[in-house]
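In the order they appear, the protein sequences are chains V and G.
Okay, so the first sequence: first residue is 1 according to my numbering, each after it adds one.
Okay, so the second sequence: first residue is 218 according to my numbering, each after it adds one.
Source of the hints: derived by calculation from the structure; they are not laboratory data.
There could be a bad hint or two in this list.
[Claimed, not checked] Computed list of lysine to any residue pairs in SDA-like fashion (alpha-carbon distance at most 25 Å, straight line):
{"no.": "1", "chain 1": "V", "residue 1": "LYS102", "chain 2": "G", "residue 2": "SER651"}
{"no.": "2", "chain 1": "V", "residue 1": "LYS207", "chain 2": "G", "residue 2": "PRO459"}
{"no.": "3", "chain 1": "G", "residue 1": "LYS557", "chain 2": "V", "residue 2": "GLU177"}
{"no.": "4", "chain 1": "G", "residue 1": "LYS603", "chain 2": "V", "residue 2": "ARG117"}
{"no.": "5", "chain 1": "G", "residue 1": "LYS616", "chain 2": "V", "residue 2": "GLY184"}
{"no.": "6", "chain 1": "G", "residue 1": "LYS602", "chain 2": "V", "residue 2": "LYS207"}
{"no.": "7", "chain 1": "G", "residue 1": "LYS603", "chain 2": "V", "residue 2": "THR139"}
{"no.": "8", "chain 1": "G", "residue 1": "LYS616", "chain 2": "V", "residue 2": "ALA135"}
{"no.": "9", "chain 1": "V", "residue 1": "LYS181", "chain 2": "G", "residue 2": "ALA612"}
[To be verified] A few chain V residues that don't get close to chain G, going by computed Cβ distances all over 10 Å:
{"no.": "10", "residue": "THR59"}
{"no.": "11", "residue": "PRO75"}
{"no.": "12", "residue": "GLU84"}
{"no.": "13", "residue": "GLN99"}
{"no.": "14", "residue": "ASN105"}
{"no.": "15", "residue": "ARG117"}
{"no.": "16", "residue": "ARG120"}
{"no.": "17", "residue": "LEU121"}
{"no.": "18", "residue": "HIS122"}
{"no.": "19", "residue": "VAL124"}
{"no.": "20", "residue": "ALA127"}
{"no.": "21", "residue": "GLN133"}
{"no.": "22", "residue": "GLY176"}
{"no.": "23", "residue": "PRO198"}
{"no.": "24", "residue": "GLY199"}
Glycine residues also receive a C-beta, built at the ideal position from the N, C-alpha and C atoms.
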Amino acid sequence: MSSDDEALSRRVFVHRLAFFGGGSVVLGSGCEDKPKPLAPKPSQPERRAPLTTKHQTLTDEEFAVLVAAVDTVLPKDEDVGGVEAGVPEYVDHILTTPQLEKLKNDFIPGLLALDRRCTRLHQVHFADATPAQRAEVLTVFKDSPEKSGEAKWYELLIVLSLEGFLGDPSYGGNKGEAGWKVVGFDLAGRGTEGAPKPGYDGITTLKGLTCGTGRGC
Amino acid sequence: MAKPAVDVCIIGSGAGGAPLAYELGKAGFKVVVLEKGPWYRQEDFVHDEILNSRRNFFMPLPWNEPHLWRAGPDKPFARTNDGWTANCVGGGTVHMSGYFYRLKPVDFRLKSELGAVKGANVADWPIRYEDLAPYYDKAEALLGVSGRAVPHKFQEPRSKDFPFPPLAEHPVSQAIDQACAGLGWQALPTARGILTANHEGRRACTYCTLCGSYGCETGAKASTLAALIPKAVASGNVEVRPKCMATQVTSGTDGLAKSVLYLDQDGATQEQPAKIIVVSCTAIESARLLLNSTSSRFPSGLGNHNGLLGQNLLFSSFGQSKATFRVSRQAKQHAWLTTKAPFVNRSVQEFYVMPDGRFGFRKGGTLGFMWAHPNPIFAAVGLAKKGADGVFGKALKDKLRDYRDSRILEFETYGEFLPTDDTRVTVDSKVKDSYGLPVAAITIKRHPVDLVMTKFLVERGEEILQALGPESVTRVGTAGETAILQGGTCRFGKDEGQSVLNEHCQSHSVKNLYVVDGSFMPSSGGVPITLTIAANSFRVADHLVARLKKHGK
Chain V
1 MSSDDEALSR RVFVHRLAFF GGGSVVLGSG CEDKPKPLAP KPSQPERRAP LTTKHQTLTD
61 EEFAVLVAAV DTVLPKDEDV GGVEAGVPEY VDHILTTPQL EKLKNDFIPG LLALDRRCTR
121 LHQVHFADAT PAQRAEVLTV FKDSPEKSGE AKWYELLIVL SLEGFLGDPS YGGNKGEAGW
181 KVVGFDLAGR GTEGAPKPGY DGITTLKGLT CGTGRGC
Chain G
218 MAKPAVDVCI IGSGAGGAPL AYELGKAGFK VVVLEKGPWY RQEDFVHDEI LNSRRNFFMP
278 LPWNEPHLWR AGPDKPFART NDGWTANCVG GGTVHMSGYF YRLKPVDFRL KSELGAVKGA
338 NVADWPIRYE DLAPYYDKAE ALLGVSGRAV PHKFQEPRSK DFPFPPLAEH PVSQAIDQAC
398 AGLGWQALPT ARGILTANHE GRRACTYCTL CGSYGCETGA KASTLAALIP KAVASGNVEV
458 RPKCMATQVT SGTDGLAKSV LYLDQDGATQ EQPAKIIVVS CTAIESARLL LNSTSSRFPS
518 GLGNHNGLLG QNLLFSSFGQ SKATFRVSRQ AKQHAWLTTK APFVNRSVQE FYVMPDGRFG
578 FRKGGTLGFM WAHPNPIFAA VGLAKKGADG VFGKALKDKL RDYRDSRILE FETYGEFLPT
638 DDTRVTVDSK VKDSYGLPVA AITIKRHPVD LVMTKFLVER GEEILQALGP ESVTRVGTAG
698 ETAILQGGTC RFGKDEGQSV LNEHCQSHSV KNLYVVDGSF MPSSGGVPIT LTIAANSFRV
758 ADHLVARLKK HGK
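All chains, full assembly: derive it from the sequences and hints.
And the structure:
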């Protein structure tokens with residue numbers, strides 16, 4: 001299956017994701033002079049509605065797709081689901097950090113691509129689709145060729161969802177440590193000096209890290 | 218405008234650089250240490266997996282500072298952040314697990330004792346175990362190593378037991394002892410660079426469980442950040458400059474190294490002249506810095522008189538398997554399953570050297586046993602997988618619940634890694650990092666004997682895991698390399714034509730240039746090498762102090 005979305009098929013996206021996937025991703029030649037430009041081409045229509053004040057990164061439309069996607073990845077069952085645990089808020093918030101500045105420009109078009117694919121397949125927006133319809137569309141992304149934008153975006157969705165579900169609650173997800181209860185992370189190390197202190201804020205700490213020359217990530 | 222000249226400028230503050238800074242400062246010599254990363258305080262080490270393990274707290278972002286990596290010279294390079302260790306004051310010793318093994322006498326004489334291996338550049342070391350043994354003692358005492366020496370068939374000679382008593386062990390350790398005994402083998406206690414008693418302002422381990430890949434919030438871990446840098450600075454002779462990225466080692470008309478050019482934390486170029494310049498940035502990054510330090514006199518890199526700089530890169534041969542135990546179904550059978558103590562601390566070295574070549578190799582290595590790392594995001598991303606194997610929805614939640622009911626005991630191998638002509642570091646002038654410097658390009662062509670050996674070790678490890686009665690054993694792989702354990706790119710030796718450094722880790726061709734990370738090692742050994750790097754640095758420090766006292770330069 002070929003990618004239907006140019007924003008998703010850029011090779012530069014692939015090597016960024018390698019960092020979060022934890023492994024190396026073959027790029028073909030590693031000797032490219034520079035990565036291709038990150039921003040959408042000016043000729044591309046601007047699809048995004050203006051930001052609302054409700055979210056830090058996403059528009060309402062994008063956020064609705066994200067909520068539906070998180071609910072598909074981590075549904076509520078006998079244990080807490082991703083939406084209840086605050087995963088969409090985590091993703092919206094973490095995308096403001098400088099480390100994810102470039103990935104953000106890949107992640108957001110992916111949300112819209114997911115919605116378009118759902119509309120084409122099922123004539124309904126992803127946020128309004130049934131769980132079975134959503135799972136079918138997400139499976140298309142998951143099973144796309146390994147190096148395709150769709151497959152890489154799926155991987156990023158999984159990684160960000162699990163970070164939100166199982167990361168320190170100060171980032172906005174893992175509310176009430178609900179995700180940790182699901183996996184039995186017994187709060188190892190809490191109560192020791194390494195435990196985040198009251199008022200600790202991971203996002204602020206991330207924003208204070210040095211990146212390369214100090215001129216931003 | 219150059220800074221005032223000092224006696225010694227050391228680039229890097231990890232296991233190699235810090236012991237030198239400590240000894241030279243104590244001896245009264247003026248030292249500047251340039252460290253590309255920040256200077257973290259103990260309170261910066263927070264149990265936050267996203268910050269600590271998934272962003273650029275320790276490792277640079279690959280789109281800022283990539284390494285290029287390829288599996289053989291005929292393959293394309295891929296960008297990766299593999300091959301970095303922590304970028305901070307203390308370097309890799311800050312986020313290490315602290316498995317502090319010594320090499321064994323055979324590791325210094327691999328070629329003489331076991332013979333050449335076709336297709337591998339095996340070489341004896343120019344020093345022997347006995348030359349390094351007193352410095353192992355010193356490194357263990359100054360860094361703070363806990364353990365329990367027991368006699369075994371490959372035990373290296375020791376003058377005394379470890380300076381600190383061993384850490385409390387999980388009861389599975391005794392089960393491993395019994396399983397090994399049943400197979401006719403001996404399980405050994407693993408020494409750790411972790412304090413078991415308060416010592417010189419550092420506090421004993423609190424068994425927090427988030428150890429490897431994290432910085433230690435009590436200073437118990439034997440990082441140079443906790444153990445050596447404060448004392449070095451307190452001498453009044455050592456200045457550590459964090460967030461300073463060395464870009465070039467310059468040389469003068471006399472053919473000697475003259476200064477280090479670096480970018481300070483504001484991105485401004487600075488020059489630090491010194492009588493002696495020591496490079497200690499990891500085997501990959503030290504090779505890169507010297508290869509990038511070209512001049513009309515040294516067109517292929519400083520100290521690269523014979524083209525060997527960057528060649529013979531070494532890692533540790535990595536293989537791993539995991540045994541899964543189910544608490545709900547097996548707790549009656551294995552009472553220890555409900556105990557949460559973090560340390561297993563068992564090693565098997567039965568196959569360190571094979572008596573003959575009947576299994577396809579002579580030099581083997583070590584199996585180290587441990588509980589799987591408790592980082593939950595890392596575990597969950599591994600469970601979710603991707604592509605055709607990927608799961609989401611209820612299937613993913615079920616896997617997360619299964620994980621909650623599981624205890625995962627694993628081993629990894631620290632196997633000999635044979636140096637080959639096609640395993641090396643070069644620089645790629647077409648790919649530059651965010652400092653504008655050509656990046657390190659790593660080519661790895663594994664020697665087939667390594668893969669036979671690692672598979673053999675993994676199979677023996679699996680026999681031990683199976684003897685413990687788990688629900689399942691899963692093989693992770695038998696053909697990997699542990700990229701945080703690096704050596705070899707500036708191998709030392711007596712023959713100028715066959716090595717980059719002499720036995721003092723001094724450049725053969727640039728007499729005031731030294732390299733003291735793992736680069737000097739002509740062979741990898743069958744154990745993690747952090748303690749060896751530190752011990753060797755203490756050894757080189759004695760040489761440098763004597764040199765400076767005698768000649769003043």
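Hints, verified against the model:
no., hint, verdict
1, V:LYS102 to G:SER651, "holds, 15 Å"
2, V:LYS207 to G:PRO459, "holds, 19 Å"
3, G:LYS557 to V:GLU177, "holds, 20 Å"
4, G:LYS603 to V:ARG117, "holds, 20 Å"
5, G:LYS616 to V:GLY184, "holds, 12 Å"
6, G:LYS602 to V:LYS207, "violated, 29 Å"
7, G:LYS603 to V:THR139, "holds, 10 Å"
8, G:LYS616 to V:ALA135, "holds, 17 Å"
9, V:LYS181 to G:ALA612, "holds, 17 Å"
10, THR59, "holds, 24 Å"
11, PRO75, "violated, 6 Å"
12, GLU84, "holds, 13 Å"
13, GLN99, "violated, 5 Å"
14, ASN105, "holds, 12 Å"
15, ARG117, "holds, 16 Å"
16, ARG120, "holds, 21 Å"
17, LEU121, "holds, 17 Å"
18, HIS122, "holds, 17 Å"
19, VAL124, "holds, 19 Å"
20, ALA127, "holds, 17 Å"
21, GLN133, "holds, 13 Å"
22, GLY176, "holds, 15 Å"
23, PRO198, "holds, 12 Å"
24, GLY199, "holds, 12 Å"
Hint compliance for this structure: hints 6, 11 and 13 are broken, all remaining hints hold.
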